[in-house]
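First to last, the protein sequences are chains A and B. So the first sequence is residues 1 to 322, counted in our numbering. So the second sequence is residues 1001 to 1291, counted in our numbering.
Source of the hints: derived by calculation from the structure; they are not laboratory data. Keep in mind that the hints are not guaranteed to be accurate.
[Said to hold, decoys possible] Distance windows between CB atoms, simulated:
no., chain 1, residue 1, chain 2, residue 2, range
1, B, Asp1115, A, Thr254, 46 to 52 Å
2, A, Asp308, B, Arg1110, 48 to 54 Å
3, B, Gln1081, A, Arg195, 42 to 48 Å
4, B, Arg1176, A, Lys81, 38 to 44 Å
Each residue gets a CB set at the ideal place from its N, CA and C atoms; glycine is no exception.
Listed below are the residues making up each chain.
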Amino acid sequence: MAVKVISPGLSATVQDLGRPGYYHLGIPLSGGMDRFALRVANMLVGNDEGAAVLEAVFMGPELEFTTPATVAVTGGDLPPKLNGEDCAGWEAFPVKAGDRLSFGFLKSGARAYIAVSGGIDVPVKLGSRSTYTLGALGGHEGRALKAGDELAVGAGGAGKGSVPENLRRLPGNPAELRMLPGLYWHRITAEAGKRFFADTWKVAPEADRIGYRFKGGTALDFVPREQPFGAGSNPSNIVDACYPYGSIQVPGGTEPIVLHRDAVSGGGYMMVGCVISADMDLIGQLQPHSPARFVEVTMDQALAARHDRQAALARVRAHLGL
Amino acid sequence: MSIRFSFGGDEHIFGEVSESMSLEAFFTSLSMTNAVKAAGIKGVTEICPANASFQVKFDPDAIKPSDLLKELQGMEAAASQSDASLQTRIIEIPVYYQDPWTHETLMRFRERHQDPTKTDLEYAAEVNGLGTVEKFIEAHSSQPWFVSMVGFVAGLPFLYQMVERKRQLQVPKYLRPRTDTPKLTVGYGGCFSCIYSVRGAGGYQMFGITPMPIYDPNQQVSYLQDEMCLFRPGDIVKWKPINRDEYDAALEAVEQNRFEPVIRPATFSLSEFNKDMAGTNAKLMEALNGR
Chain A
1 MAVKVISPGL
11 SATVQDLGRP
21 GYYHLGIPLS
31 GGMDRFALRV
41 ANMLVGNDEG
51 AAVLEAVFMG
61 PELEFTTPAT
71 VAVTGGDLPP
81 KLNGEDCAGW
91 EAFPVKAGDR
101 LSFGFLKSGA
111 RAYIAVSGGI
121 DVPVKLGSRS
131 TYTLGALGGH
141 EGRALKAGDE
151 LAVGAGGAGK
161 GSVPENLRRL
171 PGNPAELRML
181 PGLYWHRITA
191 EAGKRFFADT
201 WKVAPEADRI
211 GYRFKGGTAL
221 DFVPREQPFG
231 AGSNPSNIVD
241 ACYPYGSIQV
251 PGGTEPIVLH
261 RDAVSGGGYM
271 MVGCVISADM
281 DLIGQLQPHS
291 PARFVEVTMD
301 QALAARHDRQ
311 AALARVRAHL
321 GL
Chain B
1001 MSIRFSFGGD
1011 EHIFGEVSES
1021 MSLEAFFTSL
1031 SMTNAVKAAG
1041 IKGVTEICPA
1051 NASFQVKFDP
1061 DAIKPSDLLK
1071 ELQGMEAAAS
1081 QSDASLQTRI
1091 IEIPVYYQDP
1101 WTHETLMRFR
1111 ERHQDPTKTD
1121 LEYAAEVNGL
1131 GTVEKFIEAH
1141 SSQPWFVSMV
1151 GFVAGLPFLY
1161 QMVERKRQLQ
1171 VPKYLRPRTD
1181 TPKLTVGYGG
1191 CFSCIYSVRG
1201 AGGYQMFGIT
1211 PMPIYDPNQQ
1221 VSYLQDEMCL
1231 FRPGDIVKWK
1241 PINRDEYDAA
1251 LEAVEQNRFE
1261 PVIRPATFSL
1271 SEFNKDMAGT
1281 NAKLMEALNG
1291 R
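One chain only, chain A, in its complex shape (with noise of 0.2 Å):
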């Protein structure tokens, strides 16, 4: 039992929930980057919610299956296309053996989830079949996927039907990025940390799964100070230190860089807070040149907004009678 990969698209990857444990090596967790969508792909096929599925950016892969399977797509609106005919996304739907799923042009969002019932069947490699592709790590030999390669699928069952529009989450415009500031803020001067979340920034064309940077916005005025021992010469350079997941760290001053799944574990820049862990699904379905904001939040608030996506995932499992 496979999928063939005819076309691999823009860059396919396999992902799953990811591979903890392993920061302190400079092995980030990586892992679906909208992972509510992921989630909800496998609910729609009757898998685990963290078994591994395609993650495509942008472009949509062509796939052939070599036995019969259910599939689901989830995440930005890439219109799944099965032997060409149009069919829905957010729903299960039966494959056979020869046909082949294409997709057309990515109309919302950035990334599409295709489940596929029983698994993508890779190796688990510390923990987890996510790929890495930085560090030729998981997944499919450590790579996003190219046209031949052939993936095994585990035994999978039927689908569970679809996911209204009203029960999916994606980004708003433009996207609002909640975030607790932190970390080195004190760093900058109360009228920059103002003005940080007055602008509307952009995603810059530098938006992968590493991190998303973002321009537009006013350079950001720092505190002056001697540079301590080590930290390097510009304003923005600390001694290095860890980079927490979703970590806003703002280079020269300029553009700000928030670290996703394939984060860079650590390094010399001071960041400014982070994007809460509620919102970092959002940050994954963003294309480039798309307006965001930074809205400030409390703890508490944040927790919150924690809370609610949990709620969001019970309501779905729900209607899925899950």
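Put chain B on the given structure of chain A with help from the hints.
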């Protein structure tokens, strides 16, 4: 020193032991992370020591952020007084300085460099007042280095020079990071040396290349079969300058999987080191060379 704590979103606590780098700050950070590990706190998922700071990742559904913060604050007094000594290893890393591959790469990114008319080594020699590249290489390779952090990308060591502060080399990072760095490049930024474990972006100055793998996701390299990453915080490194012929021979041995790194057990005590740096380093060299 008193640790500055800050939440990194709802899933991380960040602790800055000191704004500036020192081995004292490193040891406090290491003691803190060891104490967190030993405490086995429910909900803690990642414990990451860094040069002069550390980070703990947690599941706020399992432990309240404010409760975890209190636990960490309770460990601070013991950590800052703990004995700064280690049973560790000294590892010899062969380095082919001024190699053709990092040279080709640095020439492609001259417009991102402070001084486009010089190589990275020429620039580093000049800003450290050492005059010649040869003298800079001698300063870089003559004394051992301390692994004070592992990270950025998989298995990349940050190395801190084990000499008096006034002798420590400092070189700014590139003005804008490169989009390419050869795998196993020996780099330099701020007061840290590093070894790029994988090919990719980087902002550190490039001095040379080692033939010795330090990260193997396939776990085929003889000494990386149990652990994918060679380095751990607290390891000690000695650079060994090699020429092209020695580099080629080492690379051939690596390709045939018969390369044997020189790794010896060593002890390190911060108080002894601070009392007598030359003597401590001489003992480390004895441990390395078996003399």
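Against the structure, the hints:
1. B:Asp1115 x A:Thr254: 46 to 52 Å: 22 Å Cβ-Cβ, so the 46 to 52 Å window is violated.
2. A:Asp308 x B:Arg1110: 48 to 54 Å: 50 Å, holds
3. B:Gln1081 x A:Arg195: 42 to 48 Å: 43 Å, holds
4. B:Arg1176 x A:Lys81: 38 to 44 Å: Cβ of Arg1176 of chain B to Cβ of Lys81 of chain A: about 42 Å, so the range 38 to 44 Å holds.
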